[in-house]
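Asker: Line by line, the protein sequences are chains R and A. Residue 100 in our numbering is what sits at position 100 of the first sequence, and the numbering runs on without skipping anything. Residue 1059 in our numbering is what sits at position 59 of the second sequence, and the numbering runs on without skipping anything.
Simulated from the structure, these hints should not be mistaken for lab results. As the structure is a prediction and not an experimental result, all values here were calculated from the model. A couple of the hints might just be wrong.
Straight-line distance between alpha carbons at most 27 angstroms, and here's what the computed DSS-like set of lysine-lysine pairs gives [stated by the list, open to error]:
| hint | chain 1 | residue 1 | chain 2 | residue 2 |
| --- | --- | --- | --- | --- |
| 1 | A | Lys1057 | A | Lys1013 |
| 2 | R | Lys42 | A | Lys1003 |
| 3 | A | Lys1055 | R | Lys2 |
| 4 | A | Lys1018 | R | Lys42 |
| 5 | A | Lys1070 | A | Lys1018 |
| 6 | A | Lys1003 | R | Lys67 |
| 7 | R | Lys98 | A | Lys1055 |
| 8 | A | Lys1055 | A | Lys1071 |
| 9 | R | Lys67 | R | Lys2 |
| 10 | A | Lys1055 | R | Lys108 |
| 11 | A | Lys1013 | R | Lys42 |
| 12 | A | Lys1003 | R | Lys56 |
| 13 | A | Lys1018 | R | Lys2 |
| 14 | A | Lys1003 | R | Lys98 |
| 15 | R | Lys42 | A | Lys1057 |
| 16 | A | Lys1013 | R | Lys67 |
| 17 | R | Lys98 | R | Lys67 |
| 18 | R | Lys98 | A | Lys1053 |
| 19 | A | Lys1070 | R | Lys98 |
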Amino acid sequence: QKEVEQNSGPLSVPEGAIASLNCTYSDRGSQSFFWYRQYSGKSPELIMFIYSNGDKEDGRFTAQLNKASQYVSLLIRDSQPSDSATYLCAVTPPGTYKYIFGTGTRLKVLA
Amino acid sequence: DVKVTQSSRYLVKRTGEKVFLECVQDMDHENMFWYRQDPGLGLRLIYFSYDVKMKEKGDIPEGYSVSREKKERFSLILESASTNQTSMYLCASSSSTGQAFFGQGTRLTVV
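Model the full assembly from the supplied sequences, consistent with the hints where possible.
Answerer: Right under this line is the structure:
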């Protein structure tokens, strides 16, 4: 089992819809969770982080964390074509500073 | 804004050459990381450092070494470049409390 799993996609949504991206992780003690956006040929850019169970909202983005289910998600409201990118989930295992990344979900927002 | 700067965007090296990839951050971050990114494999951790002169192996350290003589600079060294080290190399830095920020990436081709 991979440490951080994401569906590779592509996930296609129409412009204006809600895009829902999911990530599961294997280490129950993981403490910090991050979402990065990566455009083709560019480096990852941090868009959200969450440390506690529940929801965290920032503009059109909402991160949701459920530690009991070992599940973290990212919702993008009012999706725009400029949101088309690969979204990477990252997790910090307990007792370490390193980040474990999923392989990413490719999102396509159709105009 | 956090700035993480990698010395080159593109590099072409010959098999057997010793290759140096340099990374500098300007936010006084304790932690620095080197990842490589390959299609279908995601981001894989090569080495990370949590303090000057300190380093820890990541998941794929074979064929690589690192140097951290100053807090702001973290170098990745390919001792004898091979074609299977052709990849995108990404440097990142983070404070002990938070999020990782990436440099622009170096696309290395070994011929």
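Asker: It remains to establish, for every hint, whether it holds in the given structure.
Answerer: Each hint tested on the structure:
1. About 24 angstroms separates the Cα atoms of A:Lys1057 and A:Lys1013, which keeps this hinted pair within 27 angstroms; it holds.
2. Using a Cα cut-off of 27 angstroms, the hinted pair R:Lys42 and A:Lys1003 holds, with the two alpha carbons roughly 15 angstroms apart.
3. Simply put, A:Lys1055 and R:Lys2 have alpha-carbon atoms about 25 angstroms apart, close enough for the 27 angstroms limit, and the pair holds.
4. For the suggested pair A:Lys1018 and R:Lys42, the alpha carbons sit about 26 angstroms apart, so the restraint of at most 27 angstroms is met.
5. Restraint check for A:Lys1070 and A:Lys1018: the C-alpha separation of about 21 angstroms stays at or below 27 angstroms, so the hint holds.
6. As the CA atoms of A:Lys1003 and R:Lys67 are separated by approximately 32 angstroms, the hinted pair breaks the 27 angstroms bound.
7. Distance hint between R:Lys98 and A:Lys1055 is fulfilled; the C-alpha atoms sit about 12 angstroms from each other, no more than 27 angstroms.
8. Taking the CA atoms of A:Lys1055 and A:Lys1071, the gap is near 12 angstroms; set against the 27 angstroms cutoff, the hint holds.
9. Note on R:Lys67 and R:Lys2: the hinted pairing holds, with a Cα-Cα distance of about 17 angstroms set against a maximum of 27 angstroms.
10. Taking the CA atoms of A:Lys1055 and R:Lys108, the gap is near 39 angstroms; set against the 27 angstroms cutoff, the hint is violated.
11. Distance hint between A:Lys1013 and R:Lys42 is fulfilled; the C-alpha atoms sit about 21 angstroms from each other, no more than 27 angstroms.
12. Our distance criterion of 27 angstroms between C-alpha atoms is met by A:Lys1003 and R:Lys56, whose separation comes to about 25 angstroms.
13. For the hint linking A:Lys1018 to R:Lys2, the alpha-carbon distance of about 33 angstroms lies beyond 27 angstroms, and the restraint is violated.
14. Taking the CA atoms of A:Lys1003 and R:Lys98, the gap is about 19 angstroms. The hint holds against a cut of 27 angstroms.
15. Restraint check for R:Lys42 and A:Lys1057: the C-alpha separation of about 25 angstroms stays at or below 27 angstroms, so the hint holds.
16. Between A:Lys1013 and R:Lys67, the direct Cα distance comes to roughly 45 angstroms. Violation of the 27 angstroms bound is thereby established for this hinted pair.
17. Restraint check for R:Lys98 and R:Lys67: satisfied, since their Cα atoms lie roughly 19 angstroms apart, inside the 27 angstroms limit.
18. A distance of roughly 17 angstroms separates the Cα atoms of R:Lys98 and A:Lys1053; the hinted pair therefore holds under the 27 angstroms criterion.
19. Taking the CA atoms of A:Lys1070 and R:Lys98, the gap is about 20 angstroms. The hint holds against a cut of 27 angstroms.
Of the numbered hints listed earlier, those contradicted by the structure are 6, 10, 13 and 16.
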